Structure formats: C-alpha cells, structure tokens
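Trainee: Those letters in the sequence shown? Residues 1 to 469, per this note's numbering, in order.
If you are wondering where the hints come from, they were derived from the structure by calculation, not from laboratory data.
Take these hints with a grain of salt, some might be off.
Have a look at the derived ranges for each label pair, beta carbon to beta carbon [said to hold, decoys possible]:
| no. | residue 1 | residue 2 | range |
| --- | --- | --- | --- |
| 1 | G113 | E74 | 40 to 48 Å |
| 2 | E192 | G222 | 24 to 32 Å |
| 3 | I381 | E306 | 20 to 28 Å |
Only a predicted model underlies this, so the values are computations on that prediction, with no experimental measurement involved.
Glycine is no exception: its CB is placed at the ideal position from the N, C-alpha and C atoms.
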Amino acid sequence: MRKDTRFKYLIIAILVGLIMILAACNDEGTDNEGEATEGDKSLRILSNVVGGKTPEENELFVEEIERLTDIKVELVKPPADYDQKLLTAMSSGEKFDLVLLTKNLMDILVDQGVLTEISDQIAESDILSDTTVIPEKEWDLIEYEDGNYYGVFNKFEGGTMPIVRQDWMEKLNLQQPETLEDFYNVFKAFKEQDPDGNGKDDTYGLSTAGLYDIQGFLSAEGVKYKYVYNEEGERTIPIASEAAVPVLEWFAKLYEEGLLDPNFATNETSQMRELFLTDRVGMVTYWDAWVGLFNNIRLEDDPNTEFKAKGIPGAVGPEGDIILRRGDPSLWAIPVNAESPGVAKEFLEFWHSEKGNVLSTLGIEGHDYTLTDGKYELTEIGKEHSMDHGVVVPNNTNWENPIGSLPGVEEAQEIILEHATLETSTEDWPEAEKIVQNYAFKAMMGEIPAKEAVNKMHEELMDAGLIDY
Numbered sequence: 001m002r003k004d005t006r007f008k009y010l011i012i013a014i015l016v017g018l019i020m021i022l023a024a025c026n027d028e029g030t031d032n033e034g035e036a037t038e039g040d041k042s043l044r045i046l047s048n049v050v051g052g053k054t055p056e057e058n059e060l061f062v063e064e065i066e067r068l069t070d071i072k073v074e075l076v077k078p079p080a081d082y083d084q085k086l087l088t089a090m091s092s093g094e095k096f097d098l099v100l101l102t103k104n105l106m107d108i109l110v111d112q113g114v115l116t117e118i119s120d121q122i123a124e125s126d127i128l129s130d131t132t133v134i135p136e137k138e139w140d141l142i143e144y145e146d147g148n149y150y151g152v153f154n155k156f157e158g159g160t161m162p163i164v165r166q167d168w169m170e171k172l173n174l175q176q177p178e179t180l181e182d183f184y185n186v187f188k189a190f191k192e193q194d195p196d197g198n199g200k201d202d203t204y205g206l207s208t209a210g211l212y213d214i215q216g217f218l219s220a221e222g223v224k225y226k227y228v229y230n231e232e233g234e235r236t237i238p239i240a241s242e243a244a245v246p247v248l249e250w251f252a253k254l255y256e257e258g259l260l261d262p263n264f265a266t267n268e269t270s271q272m273r274e275l276f277l278t279d280r281v282g283m284v285t286y287w288d289a290w291v292g293l294f295n296n297i298r299l300e301d302d303p304n305t306e307f308k309a310k311g312i313p314g315a316v317g318p319e320g321d322i323i324l325r326r327g328d329p330s331l332w333a334i335p336v337n338a339e340s341p342g343v344a345k346e347f348l349e350f351w352h353s354e355k356g357n358v359l360s361t362l363g364i365e366g367h368d369y370t371l372t373d374g375k376y377e378l379t380e381i382g383k384e385h386s387m388d389h390g391v392v393v394p395n396n397t398n399w400e401n402p403i404g405s406l407p408g409v410e411e412a413q414e415i416i417l418e419h420a421t422l423e424t425s426t427e428d429w430p431e432a433e434k435i436v437q438n439y440a441f442k443a444m445m446g447e448i449p450a451k452e453a454v455n456k457m458h459e460e461l462m463d464a465g466l467i468d469y
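All chains should be modelled from the sequences, with the hints used to inform the complete structure.
Mentor: Here it is, written out as structure tokens:
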C-alpha cells in the first residue's frame, strides 16, 4: 500500500473515533426524550409568591433550591400583574417548565390546551400519589373530566373568614356572634365602648377590602358570592337575588351608624390589615393564615402585647349551615412546551418532601433560620418573614413545623375545613364582578334600596349574558 493511502485511512479512523466519542458524551448528557439528566438538569419557573421577599433574597432562594436538588433554576418573578403575565406567556408560547397559578387560571389554560395532563406522572410518583402527603379529598378539588389532572398543589390554600380582636371581645365581655344581629351588637360595642382604652371615639366595628370577603355574612341567608350551577348546568350569581337583600340592608345599617369603616369600598387589603393591627377596627374578613400572621406581627413588635386575633365562623344560615370561602387552590402546572417535564416532576416531589416544606415555609438556611443539633431557630430576618416563602401551610398532612405554628392558625384552619367550599370562577367572572360590585356598594352605602340594587344587578347580568337565570 502506498504511503499516502495509509495516511488517508489513518485520518479517517481518527475522525470516526472522535465522532463516536462525541456521540457517547451526548448520550450521557440527555435521556431518550432529549431532556437533560443528572448533572445537567435545569428548570425555568414562573412564580409570584414563591421565592424571596426581595430580588436579592430571591437569588438566595434559587441558590438554596439548587443546593437541595442539584437542579439549575431560573426563577422568573414578575413584580406586578402576575396573572396577565402568565396568560400572555402561555398564549405567546414563551417556554417555562413550571408555572404557578390558581385553579381559576388553570381552568382557562386547560381549555386552551397549553398545560400538560399529568395523571400518569402523579400515579407513578411515590410521593405525589401518597394520600398521607396529599389527601384524596384535596385531589378531588382539582380533578377534571375523565379523572384528569393538570396541576400539583403548591400549598394548603385555606380560606377566608371573619377575624376578630379576641382581646377586645374578652375586655368587653362579648360572646362569639352567630347571627347578623349578634354581629351588629359586637360591632356596636367595638364602636361605642372604647375597646382600645384611649378615651377617643376612633374605632370601627368592621372593615373590609371592598367585597373581599363578605361571604361569612352572606352565609346568614345561605347566599354564595360567586357563580353556582343548577342541575341543568345553568349559571347564576346568588348575591344578585332577593335572598341577598337582608344582608345588604344589614350592611347599609352598619354604614349609616358608623360601625363599618367608611372607606371599606376603596380599601386595599394592606389598608384593612393596617387598621386591624393599629387598634382602629375590631373585625376584618381575611385569610385564616393571617390570624397567625397578625398575632406574630404584634408579638414581634411587643412580646407583652394583649393583642389577640382569632378566626371565627360566619353567620349561621337558615338551615343551620355556615358558608365560608375556600381559597382557589394554588398549583404548579407543566406547560405543554416545557423543555424539562421530567425535571419539573422531580422538583414537585422535592416540594412535597420535608426539605421542600422547610424551604417553602421557614425559608433559607443560614439566612431565615439556623439548624444546630437538629434544632431550628429563626433569625431576625426569618421572624420578619413569618415563615412564609410562598407557603404558610404545606399541602402535606405529614408536615409538622419544627418551629411551631403561629398563634391561632390551627384553630382557624379547622373552621375553614369544616365550613368552607370552593367558589366557582369562570372567564366571565371579572366582567360579572364589576356589575356585582357597582350595585352592592350602592346598596351597602344606602345610595339605593337593597331590593332595587339586586334587581338591577340581576337585570344587567342577564342582559350581558353573564348568567342564565
């Protein structure tokens, strides 16, 4: 064989060898679906509440996820208009491996066909299919037709309820209210009997942030605030019916007598919370988790405070029932265009493990808490964050907070579990709510009679095609 021919074959052999080596390296870095495997795992996540409290702390939160999971994470956390950002991202085809959303938004995106059906992934997971982690009755809340699932819980969402200054109740020797008349008498005492002891007429009985959330009072007439469906699948909104008239008239009486915060219709939730924390109002309507957060905030400010927030049931209805609102489930979903769905499932299993529960509540080790000889202790920053990094209570029945629960939370959650039901939201609700709010506020502030308000509310909803009867 000639020398140049032997040289040519040698070059070819070297090139073939290099190609085989590169192919082998590539096979080690990806699985059969082309998804990155161990050593090269990554996720792009869209979230609002999960993460750090500041952009700087958000980076620490991501580093903690990466330390605990060996998954490289990009956490996108829009500063505002999260729901719109989510819907825009999904409609434009922007790629995320996981998105955080509520059940009503998941309904919309399931209809649009942009979320992955994950029933098989849940069934194959020892953690996610374990009913001592996520009870079957919780899965029932997010089950679609044919037993399909499109999301996994982020946390136990809880619900909304009346939250009262229990220290004021005890100081004024008041009993827990059960009827609207009972609530009225409590509010009157809060207004007139100087519960904060400053000698000034500067307290209100009740404050809300608009109609968020008056369900505990609508309960007195067995009325729900949002959509309900009859057996024929027709929609209505019970607050737009004559059944709601006595409750709206009761609110008008509170407003006229100065027992209701006059700014209730325009309050943001932050303003309502501030009134409660600064001894200006005796009752608000808010989330069960905030019973503990209210107590913790005041205790951190003054360990000797007499302040005591307590969650209580709403008004008893005609059939002896109490109707409270269960919060729309907070969920993680995998878009159909996710590049790493397998890694997303791995993250969800981590999220529902003990390490994931600690991260989502207590926060970042060495920043929010320290761990010494098995003992957890919050740092000063951790105390400010109130054990909430997107989750106050994990949706994991095995979870026991190593620091302990915030004061009053467990009792409030028991009330929610006993009395609260999910509200039904649809794509039409934002438009329907504008009509509901317009006439409800007019009735509650005495601008028009309550019966006229609900009649006009119902008429406009029907004309707009937002209800069926």
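Trainee: Of the hints stated earlier, which fail here?
Mentor: Per hint list: single violation, 1.
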